[in-house]
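**Student:** The listed protein sequences derive, respectively, from chains A and B.
Read left to right, the first sequence gives residues 412 to 567 (the working numbering).
Read left to right, the second sequence gives residues -13 to 769 (the working numbering).
Among these hints, one or two may not hold up.
[Stated by the list, open to error] Below, simulated DSS-like cross-link-like pairs (lysine-lysine); rule was C-alpha separation at most 25 Å, straight line: (1) B:Lys215 - B:Lys246; (2) B:Lys696 - A:Lys539; (3) B:Lys167 - B:Lys565; (4) B:Lys133 - B:Lys611; (5) B:Lys446 - A:Lys539; (6) B:Lys565 - B:Lys446.
[As the list claims (entries may be wrong)] Pairwise CB distance ranges, derived in the manner of DEER restraints: (7) B:Met761 - A:Thr492: 50 to 58 Å; (8) A:Glu493 - B:Ala577: 49 to 57 Å; (9) B:Asp184 - A:Asp483: 39 to 47 Å.
Treat the hints as calculated values from the structure; they're not laboratory data.
All values derive from a computational prediction rather than experimental measurement.
We treat Cβ as the ideally placed atom computed from N, Cα and C, and that holds for glycine.
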Amino acid sequence: MKELINLTINDQAYEVAVAPNQTLVDVLRYQLELTGTKKGCELGDCGSCTVIMDGKPVNSCLVLAMQAVGKDIKTIEGLETEQGLHPVQKAFVEKQGVQCGFCTSGMILSAKSLLDKNGDPTEHEIRKALSGNLCRCTGYQKIIESVQAASKGVSK
Amino acid sequence: MSEYDVINSRAARLDAPDKVTGRAVFVDDMSMPGMLYGAMLQSPVAHAKILNVDISEALKLPGVKSVVTAKEAGLINYGVSPARYDETLFCSDRVRYVGDEIAAVAAVDLETAMEAVSLIKVTYEELPILLTVEEAMAEGAPQLHDKYPGNICAEVHQEFGDVATAFKECDIIKTTTFTNKRQDAAFIEPQGVLANYDLSGHLTLYSSTQVPHYVQRIVSMVLGLPMGKVRVVKPYVGGGFGIKAATNPMELAACLLSMKTRKPVKMNYSREQVFLFSRARHQFVHKMTTGVKKDGTIVALEHECYLDGGAYSSFGIATVYYAGSLLGGPYKLQNMKYDGYRAYTNKPACGAHRGHGGVAARACWEQQLDMIAEELNMDPLDFRLMNMMETGDVSCNDLSMSSFGMRECIEAIKEGSDWKSKKGKLPKGKGIGMACGFFVSGAGYPIYRSDTPHSTMVIKLTEDGGSAILYSGSAEIGQGSDTAFAMIAAETIGIPLENVRIESGDTDFGVDLGAYSSRQTLMTGHATKEAAEDVKQQVLDVLSKELNVAVEEMDIKQGRIIFKNETPDYSVLKTAYIKEHRGWTDQPEGAYLTFNEAARIAFLVKGPIVGTGKYSPPILGGRFKGAAVGTSPAYGCSAMIAEVSVDMDTGHVTVDKVTDAHDCGKAINRTSVEAQMQGSISMGLGEALFEEVKFDDKGHIINSDLAEYKIPTILDMPPVDAIVVETNEPNGPFGAKEVGEGGIMPVIPAILNAVYDAIGERIYELPMSSERIYMALNKKNKK
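One chain only, chain A, in its complex shape:
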């Protein structure tokens, strides 16, 4: 049985009818057309569905949509402002932290979440913060360089 719930995503209120077993990632992707959040395993292993919920990066395939009621949710679509790309996004473009792009949304959100708490992380802190996000293309090196570049941008 579906139920109407209210979600706050990227500072916007949504009213959406969901079944109790529907995951947040499915509601984002298939009901709200926020397809920037990707789905790579549906088991919480790959991190491509990462969103920021109340300031913490979470796998949205492991969150039921109903559990997200009353939470502040940030998806990749919510990072750009009128001033343009978020510094982390900009750094991923400049340092080529991007290859196929499928893990990118999750990587960027995990990185943003780290930098929000720690504007000048060490390389190891970056690795720890992104260790829940799998990437098969890059070998992670340019992702680390992107986050480092962004952190310099943020801490400036």
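Based on these hints, arrange chain B on the given structure of chain A.
**Tutor:** Same frame as chain A, but now just chain B:
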């Protein structure tokens, strides 16, 4: 300073802004009005006769629109190599692995489709199963395919030179055996499709594929549609690594369901189904005997190899050939004998996977060469340098090294890693090792026999003269090919990169064989350059007539027309352009004639300015059977040094640092070249240290998820120093050649050799798990 304006730079990828904002559209991000959802019934048993398939209950379920089985699909054989079309869309009388496809359903939503699948009743009569090469090749083993007796899918027997005689003049003859494990490609985007058969009888298939052209061909063949009525479109693809270079049953099933229902049909593989479809790295067992003279000259190699192929051929024939032919280099080797066998087993089929066929062979041999160097008391690096091929050398199996910067690669890593002060001088538990490798820049022949160009490119100038648009069937799957082709076009025409746009991955745009065998930079790059030259020529031809200046006296650079000698009076053209553009916002400024103006005038004179290009490889060496596998217009090469720590109590291996050099010819995009090297290293590191697809004794995969099947995380990867070595490849566009796959070649053996340096024990079986290293340490202690 580079002599180029666009290429050879670190230009940002054209697709990066879309990808960092979540706007890039992958296939599962697409939807269509009235779209149905498909699901597939796959065999739960590894080997059985199908006695009956009953779909009646499934059909009765409300919301189900179509159920298709072999009865509806027919039994047209397909596969990858026409010589071994051994698959049908659905099994009719027999299933050969857990995951073999039996039926597919289209319904109003995914839940209904999956429920319908569960209502299909299949009666199986189970048959004995074969899970290893030994079982498959044993006398009296059950036959998986009637056409291929002894369960031998393919065998190769080649000899170049005279190995038996050559061994007689050798001072050291060393034999080792080595095995890897079945790997999964573990791209992060599972395969997905959206098929739309429209009411005028045209089929469009959106698919997460590396090879729109081959998929178009197989879909048209299996479903009996003219190729002209089948269009395959590749949206953004989340990695492929070879696996998405084989047409999958879901692509065919979705098309068939769309034809039956006349509705768009969407389907996706779950992560488990990615493992079930597999088509990734084979398990190889290599036995190699190498003969060397006491001065260090490598004289002969005798090589026997067995591949656990799984239930079908897929790319397997090419794989078994590559496993032998890619040892023809990079060393001067005059005598090589190879016997390879690929056996059918009741497991998912293996196929092409980054470094196709050559990765385990390279690991086996490069470790053996290290052992020989030690026996010779030579530095393994000097031993390799001494035997290294040079530019212009041709291997005993006719691989021609038209450019070959291996010496520079070795020198670069030697210096970059401070090899001299570390090799042989590290404490117990610390090790350093090196290895070399090389790879093709595209296969010399298409997968099916044909005289088709391997790539075509169309470049159209926009009518305002402001932009060039590339139309290509090539496949951007994350490697950065779209950006590379746009850079080649911009450089060739003489305009800034921001004035170039590319539309790719669509069979409507032309033939391109796709992203496999590291072919696109060289082959599609050539077609791009030719099309861009055509466009440039057309614009200059018009200018020549209008201004009465010979074409040879003009050029285009950075968006401006260059007059090499006297500058003519072009004010008439400028005035004409301004009149044309009255009210527009992009009036040219500056005291020169711009490309925009020239291209607009050319359009007014000639109509659409469309340039075309194509590429077919030159006739390549080798008249022997199987010569088509391994011959390529060019070869990339690489050398790598790994530094490791081994926990002497637990056996845990950590790779601390990697120094890697790759000769990619001329780098079109330097950042993308490094990115391919770094990605290759992580995939090789995973295979070396922990990746292994595991089966139970009934043929079920027991780790078909990304928690139990471990790929490297960001914490597993060491800092990588990626050194780009450039040569000028005569057969490449602007001198460019491959980097996508060659980069993986030295990774595993460099780590193997480093682990040996750390623990003093050789490892002959992958992965180098803590358990395996611990056992090796125990064995050593007992000695």
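**Student:** Now look at each hint and say whether the structure bears it out.
**Tutor:** Here's how the hints hold up against the structure:
Between Lys215 (chain B) and Lys246 (chain B) the CA atoms are separated by roughly 16 Å; this keeps the pair inside 25 Å, and the hint holds. Between Lys696 (chain B) and Lys539 (chain A) the CA atoms are separated by roughly 17 Å; this keeps the pair inside 25 Å, and the hint holds. About 69 Å separates the Cα atoms of Lys167 (chain B) and Lys565 (chain B), which puts this hinted pair outside 25 Å; it is violated. Restraint check: the Cα-Cα separation between Lys133 (chain B) and Lys611 (chain B) comes to about 21 Å, which is no more than 25 Å; the hinted pair holds.
Proximity of Lys446 (chain B) to Lys539 (chain A) is assessed by CA-CA distance (about 47 Å); at most 25 Å being required, the pair is judged violated. About 23 Å separates the Cα atoms of Lys565 (chain B) and Lys446 (chain B), which keeps this hinted pair within 25 Å; it holds. At roughly 56 Å, the beta-carbon separation of Met761 (chain B) and Thr492 (chain A) lies within the given 50 to 58 Å, and the hint holds. Hint check: Glu493 (chain A) to Ala577 (chain B), Cβ distance near 37 Å, so the stated range 49 to 57 Å is violated.
Between Asp184 (chain B) and Asp483 (chain A) the CB atoms are about 43 Å apart, so this pair conforms to the stated range of 39 to 47 Å.
Hint compliance for this structure: hints 3, 5 and 8 are not met, and every other hint is.
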